[in-house]
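Colleague: With the hints as extra help, turn the sequences into a complete structure.
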Amino acid sequence: MFSPVYFDHNATTPLDAPVRDAMLPYLDARFGNASSRHEYGRAARRAIDEARQRVAHAVGAHPTEIVFTSGGSEANNLFIKGAAACLAPGLIAISSIEHPCVREPARQLRTSGWRLREIAVDQNCRVASADFQAVLAEKPVIVSVMLANNETGAVQDVAGLAAQAASLRPWFHTDAVQACGRVAMDFRSLNAAGVHAMTLSAHKLGGPKGAGALVVDKRVELQPLIAGGGHERGLRSGTENVAAIVGFGVAAERAAAAMDQRSRELVSLRADLEAGLSAQGASIFAAAAERLPNTCYFAFDGIDGETLVGKLDRAGFAVAAGAACSSANPEPSHVLLAMGMAPGLARGAVRVSLGANNTVAQVRAFLGALDTTILQLRGLSALVG
Amino acid sequence: MDSGMKLPVYLDYSATTPVDPRVAAKMIPWLTEHFGNPASRSHAYGWDAEKAVEEARDQVAALVGADAKEIIWTSGATESNNLAIKGAAHFYAGTKGKHIITVSTEHKAVLDTVKELERQGFEATYLTPQENGLITIEQFKAALRPDTVVASVMAVNNEIGVIQPIAEIGEICREKGVIFHVDAAQATGKMPLDLSKLKVDLMSFCAHKTYGPKGIGALYVRRKPRIRLEAQMHGGGHERGMRSGTLATHQIVGMGESFRLAREEMATENERIRMLRDKLLKGLMDIEETYINGDIEQRVPHNLNVSFNFVEGESLIMAIKDIAVSSGSACTSASLEPSYVLRSLGRSDELAHSSIRFTLGRFTTEADVDFTIKLLHDKLGKLRELSPLWEMYKDGVDLNSVQWAAH
Amino acid sequence: MAYSEKVLDHYENPRNVGSFGKDDEGIATGMVGAPACGDVMKLQLKVGKDGVIEDAKFKTYGCGSAIASSSLVTEWVKGKTIDQALEIKNTQIAEELALPPVKIHCSILAEDAIKAAVADYKKKHGA
Numbered sequence: 001m002f003s004p005v006y007f008d009h010n011a012t013t014p015l016d017a018p019v020r021d022a023m024l025p026y027l028d029a030r031f032g033n034a035s036s037r038h039e040y041g042r043a044a045r046r047a048i049d050e051a052r053q054r055v056a057h058a059v060g061a062h063p064t065e066i067v068f069t070s071g072g073s074e075a076n077n078l079f080i081k082g083a084a085a086c087l088a089p090g091l092i093a094i095s096s097i098e099h100p101c102v103r104e105p106a107r108q109l110r111t112s113g114w115r116l117r118e119i120a121v122d123q124n125c126r127v128a129s130a131d132f133q134a135v136l137a138e139k140p141v142i143v144s145v146m147l148a149n150n151e152t153g154a155v156q157d158v159a160g161l162a163a164q165a166a167s168l169r170p171w172f173h174t175d176a177v178q179a180c181g182r183v184a185m186d187f188r189s190l191n192a193a194g195v196h197a198m199t200l201s202a203h204k205l206g207g208p209k210g211a212g213a214l215v216v217d218k219r220v221e222l223q224p225l226i227a228g229g230g231h232e233r234g235l236r237s238g239t240e241n242v243a244a245i246v247g248f249g250v251a252a253e254r255a256a257a258a259m260d261q262r263s264r265e266l267v268s269l270r271a272d273l274e275a276g277l278s279a280q281g282a283s284i285f286a287a288a289a290e291r292l293p294n295t296c297y298f299a300f301d302g303i304d305g306e307t308l309v310g311k312l313d314r315a316g317f318a319v320a321a322g323a324a325c326s327s328a329n330p331e332p333s334h335v336l337l338a339m340g341m342a343p344g345l346a347r348g349a350v351r352v353s354l355g356a357n358n359t360v361a362q363v364r365a366f367l368g369a370l371d372t373t374i375l376q377l378r379g380l381s382a383l384v385g
Numbered sequence: 386m387d388s389g390m391k392l393p394v395y396l397d398y399s400a401t402t403p404v405d406p407r408v409a410a411k412m413i414p415w416l417t418e419h420f421g422n423p424a425s426r427s428h429a430y431g432w433d434a435e436k437a438v439e440e441a442r443d444q445v446a447a448l449v450g451a452d453a454k455e456i457i458w459t460s461g462a463t464e465s466n467n468l469a470i471k472g473a474a475h476f477y478a479g480t481k482g483k484h485i486i487t488v489s490t491e492h493k494a495v496l497d498t499v500k501e502l503e504r505q506g507f508e509a510t511y512l513t514p515q516e517n518g519l520i521t522i523e524q525f526k527a528a529l530r531p532d533t534v535v536a537s538v539m540a541v542n543n544e545i546g547v548i549q550p551i552a553e554i555g556e557i558c559r560e561k562g563v564i565f566h567v568d569a570a571q572a573t574g575k576m577p578l579d580l581s582k583l584k585v586d587l588m589s590f591c592a593h594k595t596y597g598p599k600g601i602g603a604l605y606v607r608r609k610p611r612i613r614l615e616a617q618m619h620g621g622g623h624e625r626g627m628r629s630g631t632l633a634t635h636q637i638v639g640m641g642e643s644f645r646l647a648r649e650e651m652a653t654e655n656e657r658i659r660m661l662r663d664k665l666l667k668g669l670m671d672i673e674e675t676y677i678n679g680d681i682e683q684r685v686p687h688n689l690n691v692s693f694n695f696v697e698g699e700s701l702i703m704a705i706k707d708i709a710v711s712s713g714s715a716c717t718s719a720s721l722e723p724s725y726v727l728r729s730l731g732r733s734d735e736l737a738h739s740s741i742r743f744t745l746g747r748f749t750t751e752a753d754v755d756f757t758i759k760l761l762h763d764k765l766g767k768l769r770e771l772s773p774l775w776e777m778y779k780d781g782v783d784l785n786s787v788q789w790a791a792h
Numbered sequence: 793m794a795y796s797e798k799v800l801d802h803y804e805n806p807r808n809v810g811s812f813g814k815d816d817e818g819i820a821t822g823m824v825g826a827p828a829c830g831d832v833m834k835l836q837l838k839v840g841k842d843g844v845i846e847d848a849k850f851k852t853y854g855c856g857s858a859i860a861s862s863s864l865v866t867e868w869v870k871g872k873t874i875d876q877a878l879e880i881k882n883t884q885i886a887e888e889l890a891l892p893p894v895k896i897h898c899s900i901l902a903e904d905a906i907k908a909a910v911a912d913y914k915k916k917h918g919a
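Protein chains in written order, with the working numbering: chain A, 1 to 385; chain B, 386 to 792; chain C, 793 to 919.
It is worth saying that the hints were derived from the structure and are not from the lab.
Please read all numbers here as calculations on a predicted model, not as lab measurements.
Honestly, I wouldn't trust all of these hints.
Reference excerpt, derived from the structure (chain A facing chain B, CB under 7 angstroms, subset only) [stated by the list, open to error]: (1) His38; (2) Tyr40; (3) Ser70; (4) Ile226.
Ideal Cβ placement from N, Cα and C applies to all residues, glycine included.
Modeller: In structure tokens form, the structure reads like this:
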């Protein structure tokens, strides 16, 4: 079977084999509904409790602070809409580079009397300090800034931002879907700095699709997004997805344990990749920022990203142009535009996001294929031009 | 004891079903080698996953006589119910009004959602079913108001298995311009559902009650006439903007396969299950002072809910721990409240507490049923021997005339 | 709900289940609780002429903890005088059976059953 080299780990990651092994019994003999009082149910409940501890431990939170959801999008919606529903309408401030599942619910709040302010970022995809101060002067009641950006991989100093906002006492949320399992994080210290909630997703860290969590300080009053039955301390009703939650627990634990070693490997692999890209004349976005070790976002001037990605696919490399989640979107990336990149260059954006199974040989082969493709495309545009 | 039997015997198929091994086999490749994000537009990993998702959408639509474009993936029936009721109520409140009709025996996912809407200024009518658990058309008609926007009536009750007259209610709703939602979580694979004929606008489904995985469900949203909803989860615009979030391919594939199997096997499977249920029914009705809860005719063949008089519910559950059953719904069993469904039917607290829901399914055997009948006979004998109420009943004392000490 | 070993033992093998003739010589009956509350206990004592409890029987409609509490009480009262029986406190029952907080009411009911039976004895014997 033809299987392309997978370089799109920020879209989703392959399931770790031990995670699969942990999950399979819950699709088989251990199939109980965790709300049932008999042994089938109790076994499922124990498995969820254990997974809750594993996830909590991996991110430095208390198990009772974990609310399992169907994924990152739901957790972001739960926080943004759920916290807002319990507050008098005011200002919600989000960074201008948030994922749509933060941006869209925040926009939605405008229909119920909220004002939305997007916080500017600099050319390295980092929240612009001056604008952040200006936002704080407007006294936001909810702030959401992502820990790591899905496109550029830029990591924000969320603890520092929260600390600056702390005297205003807004509810401060961070979407940590891309960061979790890739950079060290500790909810206790984030919480001490003034971060009240954090979103996680299993399928970005070697776990299954269909499970995520909102880690939330219990002082935050939330209205549930999904009512009915009172599961997850009343914050998220619905029969628990036991197998996926079990997989999430194991994946989070494994990602946390492997992080240091994996980080070093990925940083070195990416350095090889970026050395090659620079030599070929690519611009690398947010290169000066602290980034996720696995993410490289680049463009070649005058070469369309979609076209390049299509060619690379045929050459056997699965990469992304912009974010996977925004369906068939012809607009250039809102993240790059927010960084002040020219629309022309932004249209060329290609994202390589590496994973644990990627190798030096794959990176070299990729650079070779890219070189050929660029020459081809340049030749073509020269002919046309 | 039958040495080949696995204990406890599972008779709680309405709480959740095992994943059919054929379903699990279809799911696993999508969990492992085909791990792409169906929203990835730039490579084969994504395209493969998207194709699998669409195939599953066809399979789900086929079971219920819908068009694939009318199926929206969700995380389960609870989310589907929330999306349907809140989404339609919010979208149409301005044009139609703010009155909602539902039934007091609906699942919490419907009742809690309607209560939330009441807090937001909607008004609700909760129909109380007759003693047999069914609502009548007259009752429903009488509850309609000019400002009724949404009606939500479940197809099959999770506790007592009775089938509500959704076809007739649908006709009335269509005529009056009321959006009609049906929670069909307990119905798929247990009774035919044909949305090309039913005048239902929104219908909730989940996989894990029909031998598919947990964590996946769907909402049917009618296109002709077109029903619109206000999304409850916003983001990347998945599912035509009605429900954002990465699609869990393996779970969706599992739901598709489980619904495909249901469509193929439902007719023969339900006959077998009906035979087993009737055997169980006969075996249990041999026990004195045993009452069936809910209509026995208008009911799916999988469900038997009975109350045993003069024994206390919790000790009964403890006595029959060799079978896995529910007393009341699985979702409310953390509390000691008697089942609100049985109370709605007018059952006393005592009979509601001593009710047992037996739900049979694909892997239930005749030996399981025989074992259960014998177990209930033995244990009820023992508990009644212990019961001062049974003794009084046998002595001809009218328990209602007794002055019980305040406690 | 996790029951203690002792509760399970009394539940599986309840001691002294049964009834004495209500109006027989020396028989005192205490019935407490109500079906609507989920527990009814009937405790009967057979009291000798010297005021010593010679035998005891019970019937209980209730949860495992209620059955265990009443079963335990029938064992404890035997050989005691009626006044000594009154000294049995619900806390001792709860402790012996390791009842969780939500089941403490079962032990209270068992204590009440002793009191009711003794009161019945005293009423019948004009004490």
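Colleague: Hint by hint, note whether the structure agrees.
Modeller: We went through each hint and held it up to the structure:
no., hint, result
1, His38, "holds, 4 angstroms"
2, Tyr40, "holds, 5 angstroms"
3, Ser70, "holds, 4 angstroms"
4, Ile226, "holds, 5 angstroms"
In this structure, none of the earlier numbered hints is contradicted; all agree with it.
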